[in-house]
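*Asks:* Here are the chains, one letter per residue:
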Amino acid sequence: MTPLVKRVADRVRGGNPPPILGSLVVLAILLLVYGSVKEEAFSNFTLQEVATATATLAILAVGQTVVVISGGFDFSPVAVLAFLNVFLVTQADHLGGSYVLTAIVVVAIGAGIGAINGILVGFLRIQSIIATIAMFFVLSGGALALLDQPGGSVPTDFSLALSGEWGPIPASAGVVAIVGLLWLLVKNLRFGRHLYAVGSNAAAAFARGVPVRGTLVATYAFAGLFYGIAALNYTAATASGDPRINFVLLVQLFAAVVIGGTAFGGGRGGAIGSIVGALCLILLESVLFSVGVASYYTPIVFGAVLLAVVLPSAIGSDVNEFVRRILVRPRHTAASAGGEG
Amino acid sequence: MEVGGARPTDVTASATVTNLVGRWREALRRYPNLRAVVTVWLVFLAVFALGAALGWVANLSQLETALVLAVFALVVAFGQNVVILSGGIDLSVPFTITSVSILMTELAGSSGSQGIWAILVALAFATAIGVWNGVWVAYLKVSPLIATLGTNIILSGVVLSYTQGKPIGSAPQPLIDLMTGTVGPFSNVLFMGIIFTIVATLLLLRTTFGRRIYAIGNSPEVSYLSGIRTHAVTIAVYTLASFSYGLAGVMLSGWNRQASPLMGDPFLFPSIAAVVLGGTSILGGRGNFVGTAGGAALFTGIGTILAATTLPPSARDIVIGVVLIVAVVMIQRERVSG
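Line by line, the protein sequences give chains X and B.
Sequential numbering from 1 applies to the first sequence in the numbering used here.
Sequential numbering from 342 applies to the second sequence in the numbering used here.
Any given hint might turn out to be false.
Here are the simulated distance ranges between beta carbons [claimed, not checked]:
1. B/Phe532 <-> X/Ser240: 47 to 55 Å
2. B/Leu481 <-> X/Asn201: 22 to 30 Å
3. B/Leu391 <-> X/Val25: 54 to 62 Å
4. B/Leu519 <-> X/Ser200: 48 to 56 Å
5. B/Phe532 <-> X/Val248: 33 to 41 Å
6. B/Ala356 <-> X/Asp148: 56 to 64 Å
7. X/Leu182 <-> B/Thr521: 53 to 61 Å
8. B/Pro526 <-> X/Gly214: 31 to 39 Å
On the chain B side, residues computed to face chain X include the following (Cβ under 7 Å) [said to hold, decoys possible]:
9. Ser497
10. Pro526
11. Ile623
12. Thr651
13. Ile659
14. Ile661
15. Ile666
16. Val667
These are calculated hints, taken from the structure and not from any lab test.
Quantities reported herein were computed from a predicted structural model and do not represent experimental measurements.
Note that CB positions come from ideal geometry on N, CA and C, so glycine has one too.
Go ahead and model the full structure; you've got the sequences and the hints to work with.
*Replies:* This is how it looks when you write it as structure tokens:
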């Protein structure tokens, strides 16, 4: 352990802390507050609750993180979630009633949807925002076509398998752990290196022989695979279908990614931080609920947290720029010939 | 571009055609997205012609309702258009619309004709939201996506905690009269839409402020070095955008007679889609509002036509998604080849 601590300490002193550090500090503070305001904060039952609530957000955030590292944005995850959720509820019977098969199909469809996004972005060169908004439209329509209002159900054994308990730990926590390990594995494969290379500078990566387009397709397919897993978990937890789009979840997703230390713009960050970020958000929600803040107010707090998280680095850059501008102002005025009249 | 129709003599006809083709080429060179703009409006007309031919648009009032809804959509899309032209994106659309409308109907209550000042207060609030967004983006250098997303969710909390999810108050009577009134057989809203489109287009293409928006969208650094106060322009852009959303909210609540807590939700992604469909580059600096207006009209048109068929409402979203992809691929191709 000591070499690791020393390594982290060195990086912090060198002004280059690992991106996950901030989210761990936030998590520690939140855990303290949570432990002190919530009754039976660490009982099996409440931990189970927290794990279930965190899992969907955390797994979706892992997928979003992969896309953000590649330099894009994904607006489709909440629509993918709604679509696969109602797909699972309405179509499971057509698949022979085997829930293992259904689960595989759902995850595969998730990956397929992601691959389409990836083809739009990688091969057709559509901006990720537009491609995923188009996908958002198609899937939110698709979800409504399958099920026009909340309803339906899944068998209890399916629910229990993914949101019950696996031995001593909540099943949701187990699923999140598997997702995290999967990410760590993939990150260290060649695809992982390509992902970061494409995200930091696609042209340079291409010049060095990185298959940029293939990497992008794999990126979005991989993200879609995570959305599929999230949909399984979500459906198990809610045990019903809901075609409506949860916009608050979309915001929480971006917030979890940002809190987790993944910078927008690509090439930096990691999915483990996003899992921690998701846990922070759920703990925060739980704390607010415990101290009696009406649920109507939680969006305000989420928004404030989102802005607060990006503020320090934002102010930092602005102070730097302010100083630079004072120092180099004469040159700017000299260079302002021509241009706007 | 067909010769058909009037042809005094073959010589003058072909000369006219050559002339027209030449002008078209010239115009294409000056306005690179002209083809997208023309296409989107032609598709819009074609969709309605088809709808009318198949009897889906049964009467004029249906068509008029579609156009009125298109006006609200295009006022919102103008806000999104200026932000995207400046190189940003605005996700605070839904709850800017909603919070401004709720503020207005709450202030006006049932005060009848005394409620005009409520409109002004509400629009001032919209302006304040825009300044707030602009400061985050320009001075604090926060990604527009994060800043406006944060603003949106904060406003949503304010609206939901205040209204508890229910419609509240009612629009001032003069506003209702204005928005539901007609000039001859046409709704007032249609004329407002035409005037708004003309003013908005001229603002972008013919004013210094408009050109500065394009300038910072193309390159903030070069703009700064050319003496443009980029921060001020950015704040003005977000302010103008929020004002447009607020204006759309006010108009919509006048037309609906009231404001409801979820009225802004259906406007966010369609506004981005309309801008992109109209040929504006999502990266900023290229595009114009005539195309965006066409995009907004086309989406609303598709929605209305499909609503009149036996297809389920969900078909609308699917069609919009597919149209968006096809359009963007076509626009992209043209940019690569041209």
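*Asks:* Hints first: check each against the structure and report whether it holds.
*Replies:* Here is what the structure says about each hint:
Between B/Phe532 and X/Ser240, the C-beta spacing of about 48 Å keeps the proposed range 47 to 55 Å intact. Separated by about 26 Å at the C-beta atoms, B/Leu481 and X/Asn201 satisfy the suggested range of 22 to 30 Å. Under the hint 54 to 62 Å, the C-beta atoms of B/Leu391 and X/Val25, about 60 Å apart, fit the expected range. Under the hint 48 to 56 Å, the C-beta atoms of B/Leu519 and X/Ser200, about 54 Å apart, fit the expected range.
Separated by about 38 Å at the C-beta atoms, B/Phe532 and X/Val248 satisfy the suggested range of 33 to 41 Å. One distance hint, 56 to 64 Å for the beta-carbon pair B/Ala356 and X/Asp148, holds here, with the actual separation near 59 Å. Here the CB-CB span from X/Leu182 to B/Thr521 is close to 57 Å, well matched to the stated 53 to 61 Å. The hinted range of 31 to 39 Å is not satisfied by B/Pro526 and X/Gly214, whose Cβ atoms lie roughly 58 Å apart.
For B/Ser497, the interface hint holds, since its Cβ comes within 7 Å of a Cβ in chain X; the closest pair sits about 5 Å apart. Hint status for B/Pro526: violated, given a least beta-carbon distance of 34 Å to chain X, over 7 Å. For B/Ile623, the shortest C-beta to C-beta distance to chain X is roughly 5 Å, which falls under 7 Å, so the interface hint holds. For B/Thr651, the shortest C-beta to C-beta distance to chain X is roughly 13 Å, which exceeds 7 Å, and the interface hint is violated.
Because the smallest distance between the Cβ of B/Ile659 and any Cβ of chain X comes to about 4 Å, under 7 Å, the interface hint for this residue holds. Satisfaction of the interface hint for B/Ile661 is found here, the shortest Cβ-Cβ separation to chain X being roughly 5 Å, below the 7 Å cut-off. Contact between B/Ile666 and chain X, as hinted, is supported at the beta carbon level, the nearest pair being about 5 Å apart and thus within 7 Å. Of the supplied interface hints, the one on B/Val667 is violated, with its beta-carbon coming no nearer than about 9 Å to a beta-carbon of chain X, more than 7 Å.
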